Amino acid sequence: MMLDEWVLTVAVFAPLAGAGVIAALPKGREAAVKMSALVASGVALVAGVIALARFDFGSTGEMQLGIDKGWIDSIGARYHMGVDGIALPLLLLTVLLTFLCVLYSQRIMPKPHKPKGFFALILLLETGMAGTFTALDLVLFFVFWELVLVPMYFLIAVWGSERKEYSAIKFFLYTLFGSVFMLLGFLAMYFRSVDPATGKHTFDMLVLQHQAFGSPAFEHMIFLGLFLGFAIKVPMWPFHTWLPDAHGDAPTVGSVLLAGILLKMGTYGFIRIALPMLPERAVEWAPYIGALAVISILYGALNCLAQKDIKRLIAFSSVGHMGFVMLGIATLTDVGINAAVFGMVAHGIITGMLFFLAGSVYERYHTRVIDDIGPGMLLKLPRMGAILAFSAIASLGLPGLAGFWGEVLALLAAFNPARGLSSPLFRAYAVLGGVGTILTAGYFLWLLQRLNLGQVRERWANDPHIDDVRPVEVAAWSPLLVGILALGVYPRAVLEMTGGAVSKLAGFFS
Amino acid sequence: MVAVLLAHEEAHATAQAAGFFAGNAWLIPALPFVAVGVIVFFGKRFRGKGAEVGIAATSISWLLSVIILVTRYVGGGGPVVLRSVRWFPLGRDLGLGLGMRLDGLTSIMFVVVTTVSLLVQIYSLGYMHGDRRYTWYYAALNIFTGSMLNLVIADNLMQLLIGWELVGICSYLLIGHWWEEKPNSDAAIKAFITTKTGDIPFLIGVFVLFAAARTFNITEIIHQVEDGNLSHVTLTAAAILLFGGAIGKSAQFPLHVWLPDAMAGPTPVSALIHAATMVTAGVFLVARLFPVFEASPQALNEVALIGAFTMLLAALLAMVQDDIKRVLAYSTVSQLAYMMAALGVGAGNAGIFHLFTHAWFKALLFLGAGSVIHAVHSNNMSEMGGLRKFMPHTYRTFLIGSVALAGIPPLAGFWSKDEILTEAFRVGARTIPAHGSPVVGSIVYGVGIVTAFLTAFYMSRAVHLTFQGEYRGHGRPHESPATMTGPLWVLAGLSLVAGFAGFPGWQKGFGAWVGVGGETRVPEAHLLLIAVSVVVALAGIGLGRALYARVPARDPLLRLGWFHTLLVNKYYLDEFYMRGIVRPIRDRVSAAIGTRKGGGILRYLQSGDVQRYAAALFAGVAILAFLFTKF
Numbered sequence: 001m002m003l004d005e006w007v008l009t010v011a012v013f014a015p016l017a018g019a020g021v022i023a024a025l026p027k028g029r030e031a032a033v034k035m036s037a038l039v040a041s042g043v044a045l046v047a048g049v050i051a052l053a054r055f056d057f058g059s060t061g062e063m064q065l066g067i068d069k070g071w072i073d074s075i076g077a078r079y080h081m082g083v084d085g086i087a088l089p090l091l092l093l094t095v096l097l098t099f100l101c102v103l104y105s106q107r108i109m110p111k112p113h114k115p116k117g118f119f120a121l122i123l124l125l126e127t128g129m130a131g132t133f134t135a136l137d138l139v140l141f142f143v144f145w146e147l148v149l150v151p152m153y154f155l156i157a158v159w160g161s162e163r164k165e166y167s168a169i170k171f172f173l174y175t176l177f178g179s180v181f182m183l184l185g186f187l188a189m190y191f192r193s194v195d196p197a198t199g200k201h202t203f204d205m206l207v208l209q210h211q212a213f214g215s216p217a218f219e220h221m222i223f224l225g226l227f228l229g230f231a232i233k234v235p236m237w238p239f240h241t242w243l244p245d246a247h248g249d250a251p252t253v254g255s256v257l258l259a260g261i262l263l264k265m266g267t268y269g270f271i272r273i274a275l276p277m278l279p280e281r282a283v284e285w286a287p288y289i290g291a292l293a294v295i296s297i298l299y300g301a302l303n304c305l306a307q308k309d310i311k312r313l314i315a316f317s318s319v320g321h322m323g324f325v326m327l328g329i330a331t332l333t334d335v336g337i338n339a340a341v342f343g344m345v346a347h348g349i350i351t352g353m354l355f356f357l358a359g360s361v362y363e364r365y366h367t368r369v370i371d372d373i374g375p376g377m378l379l380k381l382p383r384m385g386a387i388l389a390f391s392a393i394a395s396l397g398l399p400g401l402a403g404f405w406g407e408v409l410a411l412l413a414a415f416n417p418a419r420g421l422s423s424p425l426f427r428a429y430a431v432l433g434g435v436g437t438i439l440t441a442g443y444f445l446w447l448l449q450r451l452n453l454g455q456v457r458e459r460w461a462n463d464p465h466i467d468d469v470r471p472v473e474v475a476a477w478s479p480l481l482v483g484i485l486a487l488g489v490y491p492r493a494v495l496e497m498t499g500g501a502v503s504k505l506a507g508f509f510s
Numbered sequence: 001m002v003a004v005l006l007a008h009e010e011a012h013a014t015a016q017a018a019g020f021f022a023g024n025a026w027l028i029p030a031l032p033f034v035a036v037g038v039i040v041f042f043g044k045r046f047r048g049k050g051a052e053v054g055i056a057a058t059s060i061s062w063l064l065s066v067i068i069l070v071t072r073y074v075g076g077g078g079p080v081v082l083r084s085v086r087w088f089p090l091g092r093d094l095g096l097g098l099g100m101r102l103d104g105l106t107s108i109m110f111v112v113v114t115t116v117s118l119l120v121q122i123y124s125l126g127y128m129h130g131d132r133r134y135t136w137y138y139a140a141l142n143i144f145t146g147s148m149l150n151l152v153i154a155d156n157l158m159q160l161l162i163g164w165e166l167v168g169i170c171s172y173l174l175i176g177h178w179w180e181e182k183p184n185s186d187a188a189i190k191a192f193i194t195t196k197t198g199d200i201p202f203l204i205g206v207f208v209l210f211a212a213a214r215t216f217n218i219t220e221i222i223h224q225v226e227d228g229n230l231s232h233v234t235l236t237a238a239a240i241l242l243f244g245g246a247i248g249k250s251a252q253f254p255l256h257v258w259l260p261d262a263m264a265g266p267t268p269v270s271a272l273i274h275a276a277t278m279v280t281a282g283v284f285l286v287a288r289l290f291p292v293f294e295a296s297p298q299a300l301n302e303v304a305l306i307g308a309f310t311m312l313l314a315a316l317l318a319m320v321q322d323d324i325k326r327v328l329a330y331s332t333v334s335q336l337a338y339m340m341a342a343l344g345v346g347a348g349n350a351g352i353f354h355l356f357t358h359a360w361f362k363a364l365l366f367l368g369a370g371s372v373i374h375a376v377h378s379n380n381m382s383e384m385g386g387l388r389k390f391m392p393h394t395y396r397t398f399l400i401g402s403v404a405l406a407g408i409p410p411l412a413g414f415w416s417k418d419e420i421l422t423e424a425f426r427v428g429a430r431t432i433p434a435h436g437s438p439v440v441g442s443i444v445y446g447v448g449i450v451t452a453f454l455t456a457f458y459m460s461r462a463v464h465l466t467f468q469g470e471y472r473g474h475g476r477p478h479e480s481p482a483t484m485t486g487p488l489w490v491l492a493g494l495s496l497v498a499g500f501a502g503f504p505g506w507q508k509g510f511g512a513w514v515g516v517g518g519e520t521r522v523p524e525a526h527l528l529l530i531a532v533s534v535v536v537a538l539a540g541i542g543l544g545r546a547l548y549a550r551v552p553a554r555d556p557l558l559r560l561g562w563f564h565t566l567l568v569n570k571y572y573l574d575e576f577y578m579r580g581i582v583r584p585i586r587d588r589v590s591a592a593i594g595t596r597k598g599g600g601i602l603r604y605l606q607s608g609d610v611q612r613y614a615a616a617l618f619a620g621v622a623i624l625a626f627l628f629t630k631f
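Protein chains in written order, with our numbering: chain W, 1 to 510; chain S, 1 to 631.
Please keep in mind that the hints were generated in silico from the structure rather than gathered at the bench. The model shown is predicted, which means the values in this text are computed figures rather than measured ones. A portion of the hints provided could be inaccurate.
Derived DSBU-like pairs (lysine-lysine); straight-line CA-CA distance at most 35 angstroms [stated by the list, open to error]:
#1 Lys-111/W <-> Lys-164/W
#2 Lys-200/W <-> Lys-27/W
#3 Lys-27/W <-> Lys-111/W
#4 Lys-308/W <-> Lys-49/S
#5 Lys-308/W <-> Lys-182/S
#6 Lys-182/S <-> Lys-508/S
Which chain S residues face chain W? A few, computed with CB under 8 angstroms, are given here [what the hints assert, rightly or not]:
#7 Arg-45
#8 Trp-87
#9 Pro-89
#10 Ile-169
C-beta: ideal position from N, C-alpha, C; glycine also.
Please take these sequences and the hints and turn them into a complete structure.
Below is the structure:
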């Protein structure tokens, strides 16, 4: 059916088209710019919903809604896209979160304003992110992957705060550094592959899942390249140092998209590329990845305890949460990878929400220092404070809210890792990860105490410019708040999608 | 798509004859959650600001609970009713269910939880009147009630864990209800983090059981234990780890430190959460998985010894408190320890019996203390005294609660405490078979008798300091309104008669219809042991009277010298945790990590210097590319 073949293309390229329209608009047409952005990201969102409606939940392990056309014939790169039960939730997260960011920016924009560039870049970013989660050809994947870099660089460098140029460059170089190695890994796989259908080398991600690439040592090289590319993006300790700077200084929606979606490109890369294409190497790497994951959990949490800046605190909390995702992946089990995908979606909406809040608080108080804003924000801004408490409690993993399942299932998986992995080692990871949840609860409750609770700081008590939640914020946040509760109560909404696809992947390891 | 939204129901009710009420017992935890939704979104539009919604929902839950308990009792116990729906798939051949396991233990817990919750909500109409977060308070009480009921009905450990964590967050929210003051939010955080510390071993214990049994389902796990499918090592490890969670939740040594501080919350909350229900969750957990514990003498001994140690430790602390709520808090720790010790010596029914009676008289004492605090605007007994004249209802009911707690027949506490002591004595004397060690039985009995004396003493002290003598506070105290004294009298009535449910030798008594771990042996009384208990309790009361009947200028316990100092400082445990664990992690380790720039290679890599990055990038690419050509 025509619709099924092109729906992903629409989801991915509608934002790009919107960016084109915005670029063509004359200066000063701010309303038109905003409307174009809203329409473009709205079309992508609708396409995502159609994809969900057309998705066959009976065979989530298969690539669906696929499109496969010739593209660069000389190297065999194809325009090949599709989604299975792992990619679809991430695509939906992308189109939803970006739409909400555009909606939020209709009213609240960072300095130096410049709506044309701002919205065009967000839309460009969306195309890159959505494309990464749908591409089934390594060249296409790489193009989308790199496409993300440029708009995010400019969003931080132009609309950021404090040391924005430094943070933007650091982000750019780190990610570029990783992706160059990743590209080498892609090329190595390409040149060692044979497409049984054509007899030539191939970039087709599905075909590459069933290839041998040579000696174990050579495959380790490839894995190393992929690992660097993905681990920097996640980011895992010790590759995380770009993240607090980038997050801290990015504009609000930049942080939301960075934490909510961009980081998942790294974990998605592990699940989509590294694991199925190099399963035997993955088994050998898993204990080390698990170790880095646990270090990320503990290190992220300890760092959070030391942070004075609310955005940096949330940024470090992402290091910890993504550590749980990576721990789930490292177990190479169906439970663990289900937990990972669930954790990705949950972290996307919860941390996206937290960065929205941090941004809105900053917008009102003009400071991000926790002890300057608090105590007593809950008295000054009852609604905002309540939403913050709800989101923070979701983030610390309370059952009934979305944050719980990713964490607890990752720990469960670590307790029962795949065959070939050391049980005692992974059980130790589970225990250490558990300790991480105590620290996580500690820093979030402490944050709430310092920011939210207590009497209002005198300086703010009568400041009329500090107003509670505005209509545009209600509109942009409600879907996330509902999602946090809905996924907590009904995790099946995601796990029903991921189940089949994850089983297929886990089949490589059992 | 539609299939996603529909849960597939797989009912396997074991008995067709379960009847409507037992078959739909899931309504009992569900109703308070419905109330929460209504209160949060529409509560303020109601005339009673949402309180009536919570009370209505809890009333229905209470009624259903009572019907189920009565029908089960009339039916002679009745079968275990199991029902579940598949919640979500988990990997290839696993899934998680939402389900119910309705047996004697669940039905008795239902009645305890709904009754106390209902009375506390009615009492709060008066106590919390005019509170600035009145509506939210009722919402939180109902989240708590629903979560606690879910905890006791859960048919699988994951569902139980969810209830377990949710009651924990409710405890946090309600302890910190008056969060404008920092000590209150400090206490809330302390409670959450301390219990969470116990939850990690609990979670790992669940994983251990899951890894061995391949299921979270409690009934299936118990079947596997009984069939001998699980190794002794597994069961011992699982039981000891699970008990870690119980130590945290039920405030046993060394994680008991949060409970006294939790008194920062409104007093009705203390009565509901920190006396009658949530803190008993740990005891409930051990009872729920009693076959797992019974399979491991080591684990049982640990439970008994921790219980014995904690009951004495806490009772000693209760003696030296001035804050009336802290007296009751340490008393709760001590009484929970009795329950644990009972389970540890294999007397599951006695432990749950004490849970049952304790819920009434301790909730009564807390609500009575709340009534006093409401009148004198202070928690300190040094600012009370003589309230007998001003508050006759509060005085009489408080007295009933105190006598019940002290263990004077025929009030409730006597029967249950005596059953525990008798069972422990018999285990020690080897006249009944023990799963654990007989020596441990003797220890529990010995410590239990000493603690019984201390219990009678500190309650006698509290009653005298609060109600006798002359009033030492400010203003003129007044009796509380009927919404408050009404629940007091209901609980006083229960404290008077609840003990008869477990009358020794009664064939259809408490143990027979609760049947923890399938045990239905009818306990028997031992007249000599009863005599010893009663004498000890009277001696404690008498000593309290002798020392405090006329309020002394100087607390006579000061004569204990260094020991008194040790008690006042709570054995320096709080200080140890603060200086030894919390501050080093929170302030020093985190600061060291958070501000560190990294040394050596890491610093080089993370300098932020663009040229270095570029150089490193090219070098790295070159090396990797070179290596590719070599393999």
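Quick rundown of the hints versus the structure:
no.	hint	verdict
1	Lys-111/W <-> Lys-164/W	holds, 12 angstroms
2	Lys-200/W <-> Lys-27/W	violated, 50 angstroms
3	Lys-27/W <-> Lys-111/W	holds, 17 angstroms
4	Lys-308/W <-> Lys-49/S	violated, 39 angstroms
5	Lys-308/W <-> Lys-182/S	holds, 19 angstroms
6	Lys-182/S <-> Lys-508/S	violated, 51 angstroms
7	Arg-45	violated, 17 angstroms
8	Trp-87	holds, 7 angstroms
9	Pro-89	holds, 5 angstroms
10	Ile-169	holds, 6 angstroms
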